[in-house]
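S.K.: The primary structure of each chain is shown beneath.
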Amino acid sequence: MSADVAVNVENLTIAFGAFKAVDDISFCVEAGEIFGFLGANGAGKTTCIRAICGLLSPTAGKITVAGRNVADDLMAIKTLVGYMSQRFTLYPDLTVRENIAFAGALRKMPARRILARSKELFRFTGFSYPQDTLVQNLSGGVKQEVALCASLLHDPAIIFLDEPTAGVSPASRARFWNLIKQLSAAGKTVFVTTHYMDEAEQCGRVSLMQTGRIAALDTPQNLKAANFPHPLYEISPSPAAESDFAAALAASGAGPVRPWGLRYHLEEQNADLWRKFSAERAGQFSQRRIAPTLEDVFLKLVGGGAA
Amino acid sequence: MNFNAARALAIALKEVRHILRDPFTLALGLGLPLLLLLMFGFIIDLNYGDIGLKVQDQDHTRLSREFARTFSSSGYFRLEPFSSEIAPVSWLDSEKASGVLVIKENFGRHIKSGRQGEAQLLLDGADNSKTGVVLSYLAGIMDAANRKFAQTPPRNSPEIRTRFLFNQELSSRWFIVPALATVIIGLLGVLLTAMTVAREWENGSMELLLSTPVRPLEIVAGKLLPYFALSLTGTVTVYLAARLVFGVPFNGSRIVYWTACSVFITAALAQGLLISVVARQQRLAMQLSMISGLLPAFLLSGFIFPVESMPVFFRYFTMILSPRWFMEISRGVFLKGAGFMELARPLSALLAINTVLITLAVKKFKTDIEP
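Line by line, the protein sequences are chains U and L. With the working numbering applied, the first sequence covers 82 to 388. With the working numbering applied, the second sequence covers 5 to 375.
Be aware that a few hints might be false.
[Said to hold, decoys possible] Every beta carbon over 12 Å from chain U, so not counted as near; a handful from chain L, in silico: (1) Asn6; (2) Leu13; (3) Lys18; (4) His22; (5) Arg66; (6) Val137; (7) Arg203.
[What the hints assert, rightly or not] List of simulated lysine-lysine pairs, DSS-like, C-alpha gap at most 30 Å: (8) Lys134/L with Lys108/L; (9) Lys224/U with Lys100/L; (10) Lys134/L with Lys143/U; (11) Lys370/L with Lys189/U; (12) Lys108/L with Lys143/U.
[To be verified] Estimated spans, in silico, between C-beta atoms of each pair: (13) Leu288/L with Asp105/U: 30 to 40 Å; (14) Ala10/L with Glu201/U: 51 to 61 Å; (15) Ala327/U with Gln285/L: 11 to 21 Å; (16) Ala356/L with Glu201/U: 42 to 52 Å.
In case anyone wonders, no lab produced these hints; they're calculated from the structure. We treat Cβ as the ideally placed atom computed from N, Cα and C, and that holds for glycine.
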């Protein structure tokens, strides 16, 4: 196992009774990268991440984290990694300081180190509330910042963030991703799950999850390039469009059409047929060549239901 | 077994903060014991003195009056003579008397001639507990009367004189208050810890806890410690109130008593923790702890029904319940002054129960998080 592999998962299956939450998946996360799990709720993202952090025993398969087998070296792995759950895990009736001190004490950090680290992390996250505030009095985004500090306290080399931005404001979301990039720049491996496409775009590599399986795994650029070799057009029907416009577009043979809000995204696989359709329906729509997004990739590979 | 005391202490400190910020837990830990003690101490009084006894003397002799006087001189009865026209039972019907004593005609004459004098005592059987007490007084009174009237005491007939040891005053408070410690700890201990692990599962903090290298034994130990202190404080309060407010004598060794208390408190807390570990839901844990805390402590500990008179099954079943053993210790130490030697059996039973409960709580502690 090479030293620059942070997480290696081989044929991982996690079943709850007859239901397979994770179904025979294999992948590898390199040290220092931002690795994203993109998928709908129930796609198996959280289950997989919990198994990697040793919070769940897999039904089958092998997981190594920093070269250590999770099944054999559970406690060592728990010391090595930082984990932030999608659920809110701090104690609401304790203050920020008490929560942080508790997290540090569980990791046997000396009080002086906890103090120094928390100062550093609060500066890093921009947390500016008094540390004697009870956690229950903080807003969702701020709570997540404190939770992030708690999971980064022991300076882990590999950080697992399970939907860290679920339910927080767009401004907090942007700030959070800034932090994730800084962590990565500092050499940390960040494993993050999300169901936001724009967040997935910021990952080094993304694994598209669908019902416990990996539908695709690559860099966002490669995913787009590989899945959209043809030009992509955004078609906006004008008010003059006839009622059969959508059906006619789909039947034109120009290429696959996917509804996109009130508009349509068309992959132009046959330029001749597209020119023919454009001529027939002139004046009924406007078109714009666009670059594919991860959402296009996701809809193409996984289908609706995400985001 | 890897055990890190620093981690257990960190958990204990965190629990102390939870307790201090949760007025309900504090009230439960300190208020409930006192409330129960005062309720049981003042309201339940199984001593009956000054029992109204109507006397219908049909004999009107010196001996019949003397016989009636043995009742009043026992200190338990207050005599109220009434005329022979009224049917004796009507006094009981109207609940104007707890008992009616009818001394038959020729009572004095029969006694003088060496025969048996006839008298009748009517008691209200509906008030079971009172009647039972009166009957026990009656034995003593008859004893006194026989000695008084017998011209020549039958030398060979054995004379039974009941003397109550250890609780000479037969004070029900002396009996109930030490036993109440069992009920209070048995109920309180289970209730206090039953929420603690389930709460962590419900509010998600268990996920943070388990993502660190903390071990179940450290969590269990860390959670036991502060609640032990809280329960012990509650128990000391009960002890002080029993001694100062109710004047219950303490004949035993304090070392024995507090050692046993500590062991029993730990058993009750461990029972609550086990429930919490297994239930993982606060509501279920609450129900389980009420049932498994309240019923054994009240009904199967010997507090209300003596273990010796239970059906065979329950006599053995109570052996796996800690309250039964501590009841034995508590009454033994308080009133009889029993020491470690006399209490070896209940003490080792408690220790065994402790070991089993704590081991189970640690073993059943799930470190897997299911969705």
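S.K.: Does the claim that Arg203/L lies off the interface hold, with its Cβ farther than 12 Å from every Cβ of chain U?
M.R.: About 10 Å separates Arg203/L from the closest Cβ of chain U, which leaves it inside 12 Å; violated.
S.K.: Just to be sure I understand the hint, the distance between the Cβ atoms of Ala327/U and Gln285/L should be within 11 to 21 Å; is that true here?
M.R.: violated (50 Å)
S.K.: Non-interface claim for Asn6/L: all C-beta distances to chain U beyond 12 Å?
M.R.: violated (8 Å)
S.K.: Is the distance from the Cβ of Leu288/L to the Cβ of Asp105/U consistent with 30 to 40 Å?
M.R.: Hint holds: Cβ distance 35 Å, inside 30 to 40 Å.
S.K.: Quick check for students: does the CB of Leu13/L sit more than 12 Å from each CB in chain U?
M.R.: violated (8 Å)
S.K.: Starting from the hint 42 to 52 Å, judge whether the C-beta atoms of Ala356/L and Glu201/U obey it.
M.R.: holds (51 Å)
S.K.: With d taken as the least Cβ-Cβ distance between His22/L and chain U, does d exceed 12 Å?
M.R.: Given that some Cβ of chain U is not farther than 12 Å from that of His22/L, nearest at about 6 Å, it is violated.
S.K.: Within 30 Å, alpha carbon to alpha carbon, are Lys370/L and Lys189/U?
M.R.: holds (22 Å)
S.K.: Was Val137/L rightly flagged as not at the interface, with every chain U Cβ beyond 12 Å?
M.R.: holds (51 Å)
S.K.: Take a quick look at whether Lys224/U and Lys100/L sit within 30 Å of each other, Cα to Cα.
M.R.: Judged against 30 Å, a Cα distance of about 71 Å means the pair is violated.
S.K.: Taking 30 Å as the top limit, are the C-alpha atoms of Lys134/L and Lys143/U close enough?
M.R.: Violated, at about 74 Å.
S.K.: Regarding the assertion that Lys18/L does not contact chain U, is the least Cβ-Cβ distance greater than 12 Å?
M.R.: violated (5 Å)
The structure shown violates the earlier hints numbered 1, 2, 3, 4, 7, 9, 10, 12, 14 and 15.
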